[in-house]
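*Asks:* For reference, the chains in residue letters:
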Amino acid sequence: MSAAIEIREVHKRFGSVQALSGIELDIPRGEFFGLLGPNGAGKTTLISILAGLASADSGSIRVMGHDVREQYRAARRSLGVVPQELVFDPFFSVRETLRIQSGYFGLRNNDAWIDEIMLNLDLVSKADVNMRALSGGMKRRVLVAQALVHKPPVIVLDEPTAGVDVELRQALWQFIRRLNGDGHTIVLTTHYLEEAEMLCQRIAMLKQGRIVALDSTSNLLRRVHHLFLRVRVAGVLPEALRPLEHASNAAGHVLRLKGYDEVEPTLARIREAGCRIEELELMQPDLEDVFVEVMQRS
Amino acid sequence: MSGFPTLFHKELLRFWKVSVQTVAAPVLVALLYLLIFAHVMEGRVRVYDTISYSAFLVPGLVMMSVLQNAFANSSSSLIQSKITGNIIFVLLPPLSYAEFFAAYVLAAVVRGLCVGTGVLLVTLPFAELPVRYPLWILAFALAGSAILAALGLLAGIWAEKIDQVAAFQNFLIMPLTFLSGVFYSIHSLPAFWQGLSHLNPFFYMIDGFRYGFFGVSDVNPALSLALVGIALALISALALVLLKRGYKLRH
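Listed in order, the protein sequences are those of chains A and B. Counting along the first sequence from 1, when you hit position 127 you're at 127 in our numbering, and nothing is skipped either side. Counting along the second sequence from 1, when you hit position 17 you're at 1017 in our numbering, and nothing is skipped either side.
Derived from the structure by calculation, the hints contain no laboratory data. Quantities reported herein were computed from a predicted structural model and do not represent experimental measurements. Check the hints yourself; a few may be wrong.
[What the hints assert, rightly or not] Result set (DSBU-like, lysine-lysine): computed pairs, CA atoms no more than 35 Å apart in a straight line: (1) Lys-207(A) with Lys-139(A); (2) Lys-1082(B) with Lys-1161(B); (3) Lys-1244(B) with Lys-207(A); (4) Lys-207(A) with Lys-1082(B); (5) Lys-139(A) with Lys-1161(B); (6) Lys-151(A) with Lys-207(A); (7) Lys-1248(B) with Lys-1161(B); (8) Lys-207(A) with Lys-1161(B); (9) Lys-207(A) with Lys-258(A); (10) Lys-1248(B) with Lys-207(A); (11) Lys-1082(B) with Lys-1244(B); (12) Lys-1161(B) with Lys-1017(B); (13) Lys-139(A) with Lys-1017(B); (14) Lys-151(A) with Lys-1248(B); (15) Lys-139(A) with Lys-1082(B); (16) Lys-1017(B) with Lys-151(A); (17) Lys-1017(B) with Lys-1082(B).
Make a model of the complete structure from these sequences and hints.
*Replies:* What follows is the structure, encoded as structure tokens:
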């Protein structure tokens, strides 16, 4: 059985900018996959080539075994894309928008599924409202719904939660998780690394058009061995501990330690300096720490 | 099933939902042209022996409206979609470039014919208009609107800003339609301008269309239709090639 997405040696250049340099990636069916990277890393370019919105200079991409160029009809039928930009057609209501989108995929009587999507995305009360009259969050939900009208086995979400309130974010993830549970392959790009950590089984990190890390989320998290000690003291932090300081805010000082062995000596130093500890917390590194480290190293 | 019927239907809805602006307004403009020009010119100009100036003017105005509105429909739809970004909704589905072309062009033809029919209906009370050869009328209306629809598609594909489409419309389409013999017979022009008019493809559309009503024309209508047909084939071929390559639509 072919992978949901097979990317082979994809190169893409825009003028003098090499947007993608030899991307090689397989995403198996049913996976919840994260594509991370700073702005300009090439995430959206890669998604655009995957969706047929752009074409690669060389290399190939297959979606569910269908080449995105040679077999574009089958490839596009297999793919649902939620674009990053908040776009809409001001001439139509939510229901009209979804019916039209279904029609583009050759689906005529799709109302039962449209109703189900609207129910899950909490759009039912807005079904007959013109797109222009919707809030940004609601427009975002319609974009998600539009990507799902043809029940694509592969769903790509390009920054779907940018500027979206907490309520929608949670509702959206619940729905997307359910689709993933039903067997849909999900590809997510996001700037919210905690979302990627929570949702994605595997993650690729992109930098300047190259994949600089590709592993399961748990393996990536194990790459970082240090840990953080957050401590709030009465008075000033002893000078000797300043080099360990990673951050400092109202909640106290965050010290970066090489491992658990350093916890006790650090506390001893605070005690020896005559400081009283008011609050204390040990924190595991998260995906953000991994991300920062990978980006700095590569 | 193909996505073509939906894209065609969507394009029809797009102009029909704002038909006051896209159909009624151009009909009113054409009526004003007729009232003003007929008032000023009637009795002073006799184009063909048996035809009053008002009657001569009506087919020209109808065809001018058909052409301008066919162009306006495909060009404005495409440039608006490109600028707002919602073009992505038709680029993501499995629509072929030929389906894309057919949907935009046919919808623009329908808008052109709607406006043309409207102009014909409101101007009827002001002129006695014979209908000699209805099939010629239909053939020129269809071919002419299809050419302008495909030209509008080209303009929409090429343009990156609304004012580029407006420039295309104001500096190319408008002068060519106004100088195509809508308001006069080119036989009334000095030889040089008459010769120049023969290089204007819009002249053949208007002249052939008018032949369908009066049975008289400046040029043999079969020749006009052949030229119009060649122009349609060339412009359509160019639009299809650009769409197939994804020129300025897929990067």
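*Asks:* So, against the hints stated earlier in the document, which numbers end up violated here?
*Replies:* Going through the list in order, the structure violates no hint and respects every one.
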